[in-house]
Amino acid sequence: MILTVTVNPTLDKFYWVEELPLRLEEPEETVLIRSEKSSTSAGGKGINVAVFLAAQGVETVAMGFLGGHTGQIVLQDLLARGVSGNFLWIPGETRVNVTVLARGKEYHPLLIHEAGTPVPPSAIPLFLKKFERMARDAEYVVLGGALAPGLPVDFYRILVEKASAYGVPTIVHAGGEAVTRALPARPFLVKPDVREELSFGDMPVRTTEEIIQAGRRALELGVGACLVSHRLTGDVLVSPEEGVCFLEADVPVTEFRNLVGSDDALVGGLLGRLLAGDSLCQAARYGMGAAVASAKVEEKLCLDPEAIAREMATVSVRQVEGR
Amino acid sequence: MKVRDLMRRDLTAVEVDTPVAQVIYLLHQSGLPSLPVVDEQGKVVGVVAERDLMRAILPGYVDMLVSTSFLPSLNQLSRKLQEIGGLPISQFMVRPVVSVRPEDSDLHVADLLIRKGLRQVPVIDERGRLLGTVRRIDVLEGLGKAR
Numbered sequence: 001m002i003l004t005v006t007v008n009p010t011l012d013k014f015y016w017v018e019e020l021p022l023r024l025e026e027p028e029e030t031v032l033i034r035s036e037k038s039s040t041s042a043g044g045k046g047i048n049v050a051v052f053l054a055a056q057g058v059e060t061v062a063m064g065f066l067g068g069h070t071g072q073i074v075l076q077d078l079l080a081r082g083v084s085g086n087f088l089w090i091p092g093e094t095r096v097n098v099t100v101l102a103r104g105k106e107y108h109p110l111l112i113h114e115a116g117t118p119v120p121p122s123a124i125p126l127f128l129k130k131f132e133r134m135a136r137d138a139e140y141v142v143l144g145g146a147l148a149p150g151l152p153v154d155f156y157r158i159l160v161e162k163a164s165a166y167g168v169p170t171i172v173h174a175g176g177e178a179v180t181r182a183l184p185a186r187p188f189l190v191k192p193d194v195r196e197e198l199s200f201g202d203m204p205v206r207t208t209e210e211i212i213q214a215g216r217r218a219l220e221l222g223v224g225a226c227l228v229s230h231r232l233t234g235d236v237l238v239s240p241e242e243g244v245c246f247l248e249a250d251v252p253v254t255e256f257r258n259l260v261g262s263d264d265a266l267v268g269g270l271l272g273r274l275l276a277g278d279s280l281c282q283a284a285r286y287g288m289g290a291a292v293a294s295a296k297v298e299e300k301l302c303l304d305p306e307a308i309a310r311e312m313a314t315v316s317v318r319q320v321e322g323r
Numbered sequence: 001m002k003v004r005d006l007m008r009r010d011l012t013a014v015e016v017d018t019p020v021a022q023v024i025y026l027l028h029q030s031g032l033p034s035l036p037v038v039d040e041q042g043k044v045v046g047v048v049a050e051r052d053l054m055r056a057i058l059p060g061y062v063d064m065l066v067s068t069s070f071l072p073s074l075n076q077l078s079r080k081l082q083e084i085g086g087l088p089i090s091q092f093m094v095r096p097v098v099s100v101r102p103e104d105s106d107l108h109v110a111d112l113l114i115r116k117g118l119r120q121v122p123v124i125d126e127r128g129r130l131l132g133t134v135r136r137i138d139v140l141e142g143l144g145k146a147r
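Protein chains in written order, with the working numbering: chain A, 1 to 323; chain B, 1 to 147.
This is chain A alone, in the form it adopts within the complex (with noise of 0.2 Å):
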């Protein structure tokens, strides 16, 4: 069982349109933009990875904190989805995020995210109790996305410190200091969300120099990997079995239909290959696979297997330093 943790779930809305002009030139403008195209989904990393790993057959439980009623339509959703919920419900209305996509364009969305709604401090041992019960069952705990309002900096830090205790390991994929306050407890492996702010804690990732030597400190903290994404069709992974591994897809950004969700999409593709027993290495590459086949599809992710292994002959990997 995949146990994958979604602390500020979002309920996704895309809208495709002809145009998305942004710029308003007259005053009093007002600017109406009819959608050809809507959709909704449960969203948040935690929880595409889970979706993800459910299309695969992988038994796999979300859990979080849902509120009101987009919260209901996001337990929904995934329930359909084979995914199994066990959320902590709290008060106010699970946040919702607005992807729209402008046509021929659709690799420069335009994102709109809400805060999300504060998880209030009552909360917080409630969920951390059912966290310890189910992760002790678990083969690998995700930990996926923005910490909500009200959650400590350090809380991804602690969950990997209890999933540790009963010998699980820990992936953290998300940004900021989420992340980098996770790195002493030790996690498995951790996928640093750096399109805000080119940076991983106090280091740079501009450059595929930048993203080793930050993958190296962050081995040198105890983590077991570090995946970095660098520009829209590169990925770096840092580990010391392996070395460095880079990751590159033949792929031109025109091909590109939907950004959201391709991410999620790679820790999805490596999360699964690593339970088949591939190596990191060439798990990343099929979770490159998936990244691309997602981004290239309208839906947030390609759960098509056959579409995946054709991108795969599209991702090239170059190891150094390592067997």
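Since the hints were derived computationally from the structure, they do not count as laboratory data. Warning: the hint list may mix true and false statements.
Claimed, not checked - Per the computed footprint, the stretches of chain B lying under chain A, defined by three or more beta-carbons under 8 Å from a beta-carbon of chain A, are:
| hint | segment |
| --- | --- |
| 1 | 5-12 |
| 2 | 25-35 |
What the hints assert, rightly or not - Subject to a maximum C-alpha distance of 30 Å in a straight line, what follows is the list of computed DSBU-like cross-link-like pairs (lysine-lysine):
| hint | chain 1 | residue 1 | chain 2 | residue 2 |
| --- | --- | --- | --- | --- |
| 3 | A | Lys129 | B | Lys145 |
| 4 | A | Lys129 | A | Lys162 |
| 5 | B | Lys43 | A | Lys162 |
| 6 | A | Lys105 | A | Lys296 |
| 7 | B | Lys2 | B | Lys145 |
| 8 | A | Lys129 | B | Lys80 |
| 9 | A | Lys13 | A | Lys37 |
| 10 | A | Lys37 | B | Lys145 |
| 11 | A | Lys105 | A | Lys37 |
| 12 | B | Lys116 | B | Lys145 |
| 13 | A | Lys37 | A | Lys296 |
| 14 | B | Lys43 | B | Lys2 |
| 15 | B | Lys145 | A | Lys13 |
| 16 | A | Lys296 | A | Lys13 |
| 17 | B | Lys116 | B | Lys43 |
As the list claims (entries may be wrong) - Derived contacts from chain A toward chain B, CB cut-off under 8 Å, selection only:
| hint | residue |
| --- | --- |
| 18 | Val61 |
| 19 | Gln72 |
| 20 | Leu75 |
| 21 | Leu79 |
| 22 | Gly85 |
| 23 | Trp89 |
| 24 | Lys129 |
| 25 | Arg133 |
| 26 | Tyr166 |
| 27 | Thr314 |
| 28 | Ser316 |
Given the structure is predicted, the values throughout are model-derived calculations rather than measurements. For glycine and all other residues, C-beta sits at the position ideal for the given N, C-alpha and C.
Dock chain B against chain A, hints included.
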């Protein structure tokens, strides 16, 4: 059809020491008619429904009356709820647990839900751990889709 084809894999549950007030909150927020009560191993050890908590706050003498419509409320219910709000749910849960297994038939679970007057029943594994629940509407909807 089997229970596994009809069940919801919603693992929302409460622990034996969860206070009554928190359980009421969860019942309301989740929209579920009842909640499984689990121990530290995730084993279902009881079930608590809205009906059980409502029963707990009603004064005992109502059983002797045909109707209470003539009686003033006197805030008895809210006072009683305040009284029990901090108590662990283990004092109000129903045991033994009526449950089903994933391999049980649709006929069995439907009969159980009606025969026992239940709106929902937990689905457990061979170790008694919660796998999900089946509500009456899940049976009806599942059977309808299968046609």
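### Query
Are the Cα atoms of lysine 116 of chain B and lysine 43 of chain B separated by 30 Å or less?
It holds: about 21 Å lies between the C-alpha atoms, which stays within 30 Å.
### Task
Could you grab the alpha-carbon distance between lysine 37 of chain A and lysine 296 of chain A and see if it respects the 30 Å cut-off?
holds (17 Å)
### Query
Given the proposed pairing of lysine 43 of chain B with lysine 162 of chain A, does the C-alpha separation stay at or below 30 Å?
holds (20 Å)
### Query
With a Cβ-Cβ cutoff of 8 Å, does the segment 5-12 of chain B contain at least three residues near chain A?
holds (count 5)
### Task
With a cut-off of 30 Å on the C-alpha distance, tell me whether lysine 129 of chain A and lysine 162 of chain A pass.
holds (10 Å)
### Query
Given the hint that lysine 296 of chain A pairs with lysine 13 of chain A, does the C-alpha gap stay at or below 30 Å?
Satisfied, since the Cα-Cα distance of roughly 18 Å is no more than 30 Å.
### Task
Go through the hint on lysine 129 of chain A and say holds or violated, using the shortest Cβ distance to chain B against 8 Å.
This hint holds: lysine 129 of chain A lies near chain B, its Cβ roughly 7 Å from the closest one there, short of 8 Å.
#### Entry: Agreement of hint glycine 85 of chain A with chain B interface, Cβ distance less than 8 Å
holds (5 Å)
### Task
Starting from lysine 13 of chain A, check that the Cα of lysine 37 of chain A is at most 30 Å away, please.
Holds - the C-alpha atoms of lysine 37 of chain A and lysine 13 of chain A are around 11 Å apart, at most 30 Å.
#### Entry: Minimum beta-carbon distance criterion (8 Å), serine 316 of chain A to chain B
At 39 Å from the nearest chain B Cβ, serine 316 of chain A fails the 8 Å test, so the hint is violated.
### Query
Under the criterion that the straight-line Cα-Cα distance not exceed 30 Å, is the pair lysine 105 of chain A, lysine 37 of chain A satisfied?
holds (15 Å)
### Query
When you check the alpha-carbon spacing of lysine 37 of chain A and lysine 145 of chain B, does it fall within 30 Å?
Since the Cα atoms of lysine 37 of chain A and lysine 145 of chain B sit roughly 27 Å apart, the hinted pair holds (cutoff 30 Å).
Consistency with the previously given hints fails for numbers 3, 26, 27, 28, ordered from lowest to highest.
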